[in-house]
Amino acid sequence: MSESLLPPVIVGAGPAGIRAAERLVAAGLRPVVVDEAARWGGQIYRQPPDGGFTRPKSALYGFEAGKADAVHRAMAAIRDRVDYRPRTLVWNCEAGALDLLSDGASETLPFSHLILATGATDRVLPFPGWTLPGVFTLGGSQVALKFQGCAVGRRVAFLGTGPLLYLVAYQYLKAGVEVAGVFDTTPFAAQARATAGMLRDPATLAKGLLFVGWLRAHGVPIHNGVRPVRAEGAERVDALVWRDARGQERRTSCDAVAFGLGLRSETQLADLAGCRFRFDEADRAWLPERDGAGRSSVAGVYLAGDGSGIAGADAAELAGERAALALLEDRGLPVEAARVKELDGRLARIAAFRRSLSAAFPFPADWADAIADDTMICRCEGITAGAVREVARSGQAREMNRAKALTRAGMGRCQGRMCSATTVELLSRTLGTGPDGVGRLRAQPPIKPLPVSAGAERREVA
Amino acid sequence: MRERIECDVAIVGGGIVGGSAALFLRQAGLSVTLLERDWCGAKASGVNFGGVRRQGRPLEQLPLSQRAHAIWGRLPELLGTDAEYIRSGHLKLARSEPDLASLIDYRERSQGFGLGLEIVTGEEFRRRWPALGDRAIGGSLCPEDGHANPRLVSPAFARAAARLGAVVREQTPVDRVEKDGDRFVLLSGDVLEVRARFLLNTAGAWSRRVAEAFGEPVPLESLHPNMAVTEPLPRFLDVNIGVEGGGVYGRQVPRGNMVVGGGRGFALDADRARPQRDAVLTLMRDAAELFPQLRHAHVIRCWTGVEGYTPDRNPIVGPSRTTPGLFHAFGFSGAGFQIGPGVGQTLAELVTTGGTPMPLEPFRIDRFTPTA
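Residue numbers (the numbering used here), protein chains in the order written: chain Z, 1 to 462; chain G, 1 to 372.
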């Protein structure tokens, strides 16, 4: 019984984690909120460093400022009723306890109930020149703006697909940066067709159209059906060479490229926690299973937000609260049935919308075929596309862990968090399977690099 | 429709022992079918520390180990890859006078096995390995020992065997094995039936089932050596390092990453294991003490594997005591990587000639059976 008395633990202080914490606090619990960042908000509503530059939220988040502010305030309001652990990395989950790293020391935190709101990072596929200085991910470009108050270049080309493509371009333009163009991999027709589905959520649709309209009104060229040819430059990128929808090769000068193909969930902790995974067609990824309330396959472990399937910040807020309600219910505490019903309804509508969103921004699967054999795909270990294709072609590797063992792709600092999307595509397309046919990398602790010195700096649980 | 394969030798387990046995049997012209439930060389053979070390082994293992040493020297010719094998030397450190004394004692006892051990202490020790911290007072160097990349070596044996015509079936668990007259019969689901005159049980931690099927129960226990690797660091260490009395071991790979091992992981189930937090943190602390260069480095990954251990930490190698034509080789107790190809060659020899000059008495499968 004493186990059930442990305070709930929430990993991640983004929209999902904050709304979960808020709901638990309202029920009289004092959750532990562990977050890697110095300030709450997550990636999407990331705050500038304390005492750094000051920019109004309207400039930092644009149309999203109101939501960002609400999420920030929600956390501020419960700040003294949660055990908040900023600047803390969860590096392992084992046998009902998390291992935390903060201020160089490791600490083991047992839990009976755990909400994983671990968020997402950019999904990228390489193209020739992608390792040139000046080429950034979309998410990275956005973080530079929100967190460091700087732009990745003076004249930036935005490439890829996904809602972030237009959002970040808009935010850059708004910050006074020249946008060299938006290079969308999605054919125009596909987008127009999918827009019909999006009418289920007119607000989000309006926002998306607003970005596009706003960019056009400011003279930003928007190209559909694009594929990258290469990023050019000697010391750093000075042009993006691309192929238009008619197959014409074109060149746009720029001093930075921001690119991404949607987001990918950070699932390593769910894996270490023992959650069962399933392949998700929409996200083109293996995701931890969760029911509508956010319960995983492991009792006491809940999943909320983009960390277990990409649905965006609004859904994350709802899912965070919903997971907290499930947790409360499982602890035998009263929950308001009407609120549960309302959240379930709204989450179901978002799920439907999300399906049309992935139709509007389809993953450009053929991109992987154009990656030249000598293009580096794993930057940590310097592994080329050709090396991965070779172990597939020669029959040595028919799944991800084997490809990793034989080529080292995914063995470096990032442990495959950045490159495995590429390895999946290269392997599966060489083998002629779908992306679900080559398995997924097994998570191993530490999920991010752990200082060796932490071994001598163990803190007892407070 | 169940596929049927008739062959001379069936091998259960595609690790470094089974893979090398398959290779040497094919070289001798026998037909071979190798069945592997996972991928060849993906278990303990492929995820071990990568030390290619004779020094420190019990003396009774040294003949097999020397035989293996000769095979390691021919890797490119046998496998078509050097698998990052380097004869860097293996340096076993002493942290105290008694530890140094036992290293000297081992050198005396192992004279005549060809290890060429060299005890280095004091000024010369500091001069030759200035990168090692103050923790060690000296060590014993085995100049021709070294290290290799197990992920590359172990699968390569089965692959080389396949190139010579061995039938290698991965993702093929053996569900039933029995002897029918003078033939062994192996079944994998209702997909595959293999019939063979000889059977090699080289299934590592999973070997017990095959042994038990022929009335040879063994006290085999699965344990999980704990390992970690750092990000690449400037080169500071050319030798493979062990420590007298155990604890921690380490090697720096050509790319610069430092691989260290020590302590034990835990079992997730019969097939899978994970590093254990206390073992990981203790390993990091001990490794940083031994290698001061690691103090500002990061561990990027920890891992472990599933390995079969015997009570006396010697492997089981040799003929079955119940069933003619069956040979066992498993239970290497965390030290099978270097010796593996020597054992594989010996198994091939047993099958083809009916005997071997290798002394296998200490590795009899029935040595644990309580005498009635």
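Among the clues, some could well be false.
For each label pair, taking beta carbons as the anchor points, the in silico distance ranges come out as [to be verified]:
1. Z:351 - G:195: 50 to 60 Å
2. Z:394 - G:255: 19 to 29 Å
3. G:81 - Z:95: 31 to 41 Å
4. Z:249 - G:255: 35 to 45 Å
5. Z:236 - G:102: 22 to 32 Å
6. Z:95 - G:217: 48 to 58 Å
7. G:66 - Z:236: 55 to 65 Å
8. G:82 - Z:110: 40 to 50 Å
9. Z:278 - G:359: 49 to 59 Å
10. G:254 - Z:355: 20 to 30 Å
11. G:127 - Z:394: 58 to 68 Å
12. G:134 - Z:436: 28 to 38 Å
No lab work stands behind these hints: they were computed from the structure. Just so it is clear, the structure is predicted and the values come from calculations on it, not from any experiment. Beta carbons: idealized from backbone N, C-alpha and C, even for Gly.
Quick rundown of the hints versus the structure:
1. Z:351 - G:195: 50 to 60 Å: holds, 54 Å
2. Z:394 - G:255: 19 to 29 Å: At roughly 23 Å between Cβ atoms, residue 255 (chain G) and residue 394 (chain Z) fall inside 19 to 29 Å, so the hint holds.
3. G:81 - Z:95: 31 to 41 Å: Given about 39 Å between the Cβ atoms, the range holds.
4. Z:249 - G:255: 35 to 45 Å: holds, 37 Å
5. Z:236 - G:102: 22 to 32 Å: violated, 59 Å
6. Z:95 - G:217: 48 to 58 Å: violated, 31 Å
7. G:66 - Z:236: 55 to 65 Å: holds, 56 Å
8. G:82 - Z:110: 40 to 50 Å: holds, 47 Å
9. Z:278 - G:359: 49 to 59 Å: With a Cβ separation near 53 Å, residue 278 (chain Z) and residue 359 (chain G) satisfy 49 to 59 Å, so the hint holds.
10. G:254 - Z:355: 20 to 30 Å: violated, 48 Å
11. G:127 - Z:394: 58 to 68 Å: violated, 46 Å
12. G:134 - Z:436: 28 to 38 Å: Between residue 134 (chain G) and residue 436 (chain Z), where Cβ atoms are some 54 Å apart, the hint is violated.
In terms of the numbered hints stated before, the structure departs from hints 5, 6, 10, 11, 12, listed from lowest to highest.
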